[in-house]
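Going line by line, the protein sequences match chains Z and E. Here our numbering is used: position 56 in the first sequence is 69, and no number is missing along the way. Here our numbering is used: position 125 in the second sequence is 172, and no number is missing along the way.
I should point out that these hints are in silico values taken from the structure, not numbers from a laboratory. Please note that the accuracy of each hint is not assured.
Unchecked claim - Here are the computed distance ranges between Cβ atoms for each label pair:
(1) G68(Z) <-> A166(E): 30 to 36 Å
(2) P40(Z) <-> R232(E): 50 to 56 Å
(3) R164(E) <-> P32(Z): 55 to 61 Å
(4) P32(Z) <-> E176(E): 30 to 36 Å
(5) G134(Z) <-> G163(E): 55 to 61 Å
(6) G158(Z) <-> E184(E): 47 to 53 Å
(7) G51(Z) <-> G97(E): 53 to 59 Å
(8) A61(Z) <-> E221(E): 32 to 38 Å
(9) P32(Z) <-> V148(E): 38 to 44 Å
What the hints assert, rightly or not - Below, simulated SDA-like cross-link-like pairs (lysine to any residue); rule was C-alpha separation at most 20 Å, straight line:
(10) K50(E) <-> V44(Z)
(11) K50(E) <-> D145(Z)
(12) K83(E) <-> G68(Z)
Unchecked claim - Reference excerpt, derived from the structure (chain Z facing chain E, CB under 7 Å, subset only):
(13) N75
(14) Q76
(15) D164
These numbers were taken from a predicted model, which means no experiment stands behind them. Each residue gets a CB set at the ideal place from its N, CA and C atoms; glycine is no exception.
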Amino acid sequence: MITSHTHEATPTPIGTAAPAFRLPSTPDQWVELEEFRGKPVILAFYPADWSPVCGDQMALYNQVLPLFRQHDAQLVGISVDGAWCHDAFAAARGLHFPLLADFEPKGEVARRYGVYRAADGTAERALFVLDDEGVVRWNYVSPVGVNPGADGILTALESLTARRTV
Amino acid sequence: MSKLTRAIDASDHVRGPATARVTLVEYGDFQCPYCKQAFPIVEKVLADFGNELRFAFRNFPLTEIHPLAEQAAEAAEAAGAQGRFWEMHHLLYQHQPRFAVEELLAYGTELGLDTGRMARELAERRYLESIQRQALEGVRSGVNGTPTFFINGRRHDAAWDYDDLASAIEQAGETSGQHAGRIGR
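Put together the whole structure using the sequences plus the hints.
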C-alpha cells in the first residue's frame, strides 16, 4: 500500500542549475548529465523497478517517447536499483531510454535533487525538465504511489520549445 | 490533479444517458490483463448505477508491451462502424489475447458483421489514426497506464476494485449538479 510522506520533498527549484551527476547506465557504461547539454533533458526519479506493467511509469514513457523526441528531449529514468537490475528490467520491458543506477553511494543523486525518501530508502516519484543549458525549468513530485503520467512533461517541453523559437 | 482534456462527444462510444449525473471514462487496452480484470467491475457499476451513470471507452493501446492491442482496437472500431462496438469490446476481453486477424474476423462473424467490410477496413488500417488520436489525447489528459479512469473529468487515482470505484462514483454524484442528495446503486 501507499506510504505517506514523512517529510516534504524539496526538489531543486525552477530556474537553478541542475546538480551534475555521473551514474552507471549498464554494468560497464556511465552517463554524465553534462553529455546532454544542448538538448532538453527529462529526469524521471522513481522508487523501484518492476512495478506492475500496464500501470508502470517507465512503460508509459517508453510508449510516449516519440512525443518527447519531437522536442529533441532526452529522457533518463533514475532509481536506487543497481545496474544489473536495471539491465534486466529494461530488457524485459523493451525500454528505449537509459535507466541510471543511483546505487552507490545509495540515493546520492536523488538527495542532491532533494527527492530522496530516507525512511523508504528510495527516490521520490519526481520529475525534472531541464533546458538545453541544464537549468531546471519544471519540476513535480508526485505522491509516491501515483504514476504522474506524461502530461506535465509535455506541457513543460512545449513551453521550452516556444521559448527557443521566439 | 490531471483532468480530461476532451469531454464526451459524438466521436465517443457511450453507454448510459447524457442526463446521468456521473460520467465515467476509461482509457483502456484490449490486450491489458488489468483492463480485462476491470471489465466485469465496470459492467457491475453500470448495472448498479443504472441511469445515474454514463460510460465511455477510449483506446489507449500500449503497443510497446502489447503488440496486438492496436489491431484489437481497430477491430472494435470496425465493429463500431457497424453499430456493434460494445459487443466487440466484450468479445475482445473475453478472448484476450487471441487477436490475430483471422480471430478478429471470426468475432465479427459471431456478431453477424459484414466481415468483408471489416477485413478491408483492417487491411486499410482505416481506424488507426482515430485510435492514435484517442491515445494522444489520453496522454495529454494524464493517462498513466491502463486502465485509467476519469470520473466527471477527474483522473481516478485510487484503486478500481468494485468498492473503490463505486464509492468514487457516489461521491462524484453527491458533488455534481444542482440536485443535492445521494445517487443510488
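(message) I want to verify a distance hint. Is the separation of the beta carbons of P40(Z) and R232(E) within 50 to 56 Å?
(response) holds, 54 Å
(request) Determine whether the Cβ-Cβ distance between G68(Z) and A166(E) falls within the hinted range of 30 to 36 Å. (result) Cβ of G68(Z) to Cβ of A166(E): about 34 Å, so the range 30 to 36 Å holds.
(request) Go ahead and decide if the range 47 to 53 Å is satisfied by the Cβ distance of G158(Z) to E184(E). (result) Once the Cβ atoms are compared, 25 Å apart, the range 47 to 53 Å for E184(E) and G158(Z) is violated.
(request) Quickly compare the C-alpha distance for K50(E) and D145(Z) to 20 Å and report which way the hint goes. (result) violated, 29 Å
(request) Could you see if the CB distance from G134(Z) to G163(E) stays within 55 to 61 Å? (result) Roughly 60 Å apart at Cβ, these two residues keep to the hinted range, so it holds.
(message) Just to be careful, I want the Cα atoms of K50(E) and V44(Z) compared with a cutoff of 20 Å; is the pair within it?
(response) violated, 35 Å
(message) Tell me if the beta carbons of A61(Z) and E221(E) are separated by a distance inside 32 to 38 Å.
(response) Check passed, 37 Å falls within 32 to 38 Å.
(request) So, D164(Z) near chain E? Judge it on the closest CB pair being under 7 Å. (result) holds, 5 Å
(message) Quick check on a hinted range of 38 to 44 Å for P32(Z) and V148(E), using CB atoms only.
(response) Violated, at about 51 Å.
(message) With the threshold set at 20 Å, check whether the alpha-carbon distance from K83(E) to G68(Z) stays at or below it.
(response) holds, 14 Å
(request) Take a look at whether the Cβ-Cβ distance between R164(E) and P32(Z) falls inside 55 to 61 Å. (result) holds, 59 Å
(message) Quick check on Q76(Z) please, does its C-beta sit within 7 Å of some C-beta on chain E?
(response) holds, 5 Å
Violated hints, in rising order: 4, 6, 9, 10, 11; the structure is consistent with all others.
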